[in-house]
Amino acid sequence: MTKDPEWLTKEFAGNPIRTGRTIEDPDFPRIAITYSIQENEDNSKQIQDEMKDIIKDYNDYYHTAWSIEDIERYNGDINNRLARKKAEFKEFGKQIDLVIVVDRLLTGFDAPTIQTLFVDRNLSYANLIQAFSRTNRTYPGKTKGLIVTFRKPSTMEQNVKDATKLYSEAQEESDLVYPTYDESKKRFKKAHKLLTTLVPNPTDINEHSPLEIRIEFVKAFQELNNTYEALVTYDEYNDDMEKSKVLQEQINTLEEYIGVYNTVKGSLVDEGAQDGPGPDFSGIEFYGENAIKVYDIDSTYIDRLLGTYSANNQNIRDEIEKALQKLKKLEIVKDVYRAMLNAIDTKKIDSEEDILVVKRRFFTESYDKAIKEFANTWFVEGNELHLSAIQYVIGSDPIPNIRGIINSKQFDKYKAIHPDAKPLKYGPEMKRQWRKTLDEVIVPLADELR
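Every letter in the sequence shown is one number past the one before it in UniProt numbering, and letter 373, counting from 1, is 373.
Derived from the structure by calculation, the hints contain no laboratory data.
Some hints here could point you the wrong way.
What the hints assert, rightly or not - Calculated cross-link-like contacts (lysine-lysine; reagent style DSSO-like; alpha-carbon spacing at most 30 angstroms):
#1 Lys329 with Lys243
#2 Lys322 with Lys334
#3 Lys245 with Lys436
#4 Lys189 with Lys265
#5 Lys369 with Lys322
#6 Lys10 with Lys326
#7 Lys328 with Lys431
#8 Lys85 with Lys431
#9 Lys322 with Lys359
#10 Lys409 with Lys422
#11 Lys347 with Lys90
#12 Lys85 with Lys10
#13 Lys193 with Lys243
#14 Lys326 with Lys436
#15 Lys372 with Lys265
#16 Lys326 with Lys94
#17 Lys431 with Lys409
#18 Lys85 with Lys265
#19 Lys347 with Lys372
#20 Lys372 with Lys431
Stated by the list, open to error - Pairwise CB distance ranges, derived in the manner of DEER restraints:
#21 Lys144 with Pro428: 48 to 54 angstroms
#22 Gly76 with Lys322: 52 to 58 angstroms
#23 Glu365 with Lys10: 44 to 50 angstroms
#24 Asp335 with Lys144: 21 to 27 angstroms
#25 Asp447 with Asn122: 43 to 49 angstroms
#26 Lys10 with Glu331: 18 to 24 angstroms
#27 Pro428 with Glu207: 40 to 46 angstroms
#28 Ser244 with Asn122: 23 to 29 angstroms
#29 Gln48 with Asp447: 23 to 29 angstroms
#30 Val148 with Lys372: 20 to 26 angstroms
#31 Glu256 with Asp235: 22 to 28 angstroms
#32 Glu331 with Asn122: 52 to 58 angstroms
#33 Asp57 with Ser282: 55 to 61 angstroms
#34 Ser282 with Pro26: 18 to 24 angstroms
Using N, Cα and C, we set each Cβ at its ideal position, and we do this for glycine too.
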């Protein structure tokens, strides 16, 4: 079916593919099939013949030579291609995207990138826990596993509750069954209203606001962020985001408030370090992964391409360039991605190293370098620039911490290099250049670190 380049359009004619989200990979999804073969079953010959055909198709595609006689090795190869841990299976086209299984891959299977399990049978107790565990391996950017059931959803929901109650230490039900999209959306709207009622504008609060207000603000922001993290796991979210201006504006609130949130949260850390009875910070997460992440499906596609890139793979490099162009990334961002690919090509990066860790390192280095260069050019303190940069969002007026930057200046050193410099003109010009650097360099680089 997938050999026809128009198969997606024909197969899903009633659900046109969204522009900008199409994966430019004619072989996607790469599918493997495996199931248990019992020789004493009445139709065992038919089952074995079918499996032989399946393995033949697999061999033809991946250029392997498995047979039904060594089916365990065939299953092992599926495991490796699905897990994508070994360098040879990180190369684009060598992986598997979807596996159809019957009574297979329930043990000894570890594929951290797998997020979704589609279940077309009734499971209970040990079998249910064992199957669901296939999606719970940790992986950067993966907050949870998802289970999609096709049979008797109410029965399966009760089975989940019974199984988790039986095997949990506390013998209690867990919250593994998530609410509906509409219920999650209501929780998100409620959290948004709470935050914007408490602090209508980001400029209405700072590190000097009353302690109780700061505590409530941080709790409200974290609740909004948590409800957003839950919302984006639903398929309906993508359609909703395209159509609903209200939802888009509500989600933009996270970006608008993130700078002041980090500042206020930092001030609470300082409050807690003081002697004497400390304030009540219960319900606040200081050091967990509560950073804002506004999800961009296209950027996630770039990350996926990076994960499949191998040294001097021109096809994937071209795909990455096309994605960067399509997303209208600035040249400074493109240059960092190109530097990453060049480092992979010249073996300066270990092929076993996590590509998302590599990406964060490259963009962090570029971000820090831009601040250092500005500090050296204008003879101001880098720490003050960093404090400004983490709070800044495009359009901020005044620029966060601009007073601290100006107070850190060493004008005599600047004048030694620029003899015609005037004290009264230095400040306004430095501010203009810092805003330009923030808008054109710092913010675009920081966006790639989310």
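Against the structure, the hints:
1. Lys329 with Lys243: holds (24 angstroms)
2. Lys322 with Lys334: Satisfied, since the Cα-Cα distance of roughly 11 angstroms is no more than 30 angstroms.
3. Lys245 with Lys436: Holds, at about 29 angstroms.
4. Lys189 with Lys265: holds (23 angstroms)
5. Lys369 with Lys322: Holds - the C-alpha atoms of Lys322 and Lys369 are around 27 angstroms apart, at most 30 angstroms.
6. Lys10 with Lys326: holds (25 angstroms)
7. Lys328 with Lys431: Roughly 27 angstroms between the alpha carbons, so the hint for Lys328 and Lys431 holds.
8. Lys85 with Lys431: Violated: Lys85 and Lys431 sit about 47 angstroms apart, past 30 angstroms.
9. Lys322 with Lys359: holds (18 angstroms)
10. Lys409 with Lys422: holds (14 angstroms)
11. Lys347 with Lys90: holds (15 angstroms)
12. Lys85 with Lys10: violated (34 angstroms)
13. Lys193 with Lys243: Holds, because 21 angstroms separates the two Cα atoms, which is no more than 30 angstroms.
14. Lys326 with Lys436: holds (24 angstroms)
15. Lys372 with Lys265: Holds - the C-alpha atoms of Lys265 and Lys372 are around 25 angstroms apart, at most 30 angstroms.
16. Lys326 with Lys94: holds (26 angstroms)
17. Lys431 with Lys409: Cα-Cα ~12 angstroms, so holds.
18. Lys85 with Lys265: Violated: Lys85 and Lys265 sit about 37 angstroms apart, past 30 angstroms.
19. Lys347 with Lys372: Holds, because 28 angstroms separates the two Cα atoms, which is no more than 30 angstroms.
20. Lys372 with Lys431: holds (16 angstroms)
21. Lys144 with Pro428: 48 to 54 angstroms: holds (49 angstroms)
22. Gly76 with Lys322: 52 to 58 angstroms: violated (35 angstroms)
23. Glu365 with Lys10: 44 to 50 angstroms: Holds, since Glu365 and Lys10 (Cβ atoms, about 46 angstroms apart) stay within the stated range.
24. Asp335 with Lys144: 21 to 27 angstroms: For Asp335 and Lys144 the Cβ distance comes to about 35 angstroms; the hint is violated.
25. Asp447 with Asn122: 43 to 49 angstroms: holds (45 angstroms)
26. Lys10 with Glu331: 18 to 24 angstroms: violated (39 angstroms)
27. Pro428 with Glu207: 40 to 46 angstroms: Given a distance of about 26 angstroms, which is not inside 40 to 46 angstroms, the answer is violated.
28. Ser244 with Asn122: 23 to 29 angstroms: violated (36 angstroms)
29. Gln48 with Asp447: 23 to 29 angstroms: Distance hint for Gln48, Asp447 is violated at roughly 54 angstroms.
30. Val148 with Lys372: 20 to 26 angstroms: violated (48 angstroms)
31. Glu256 with Asp235: 22 to 28 angstroms: holds (27 angstroms)
32. Glu331 with Asn122: 52 to 58 angstroms: With Cβ atoms ~55 angstroms apart, the hint holds.
33. Asp57 with Ser282: 55 to 61 angstroms: Holds, since Asp57 and Ser282 (Cβ atoms, about 57 angstroms apart) stay within the stated range.
34. Ser282 with Pro26: 18 to 24 angstroms: violated (53 angstroms)
The structure does not agree with the numbered hints 8, 12, 18, 22, 24, 26, 27, 28, 29, 30, 34 stated previously, though it agrees with the rest.
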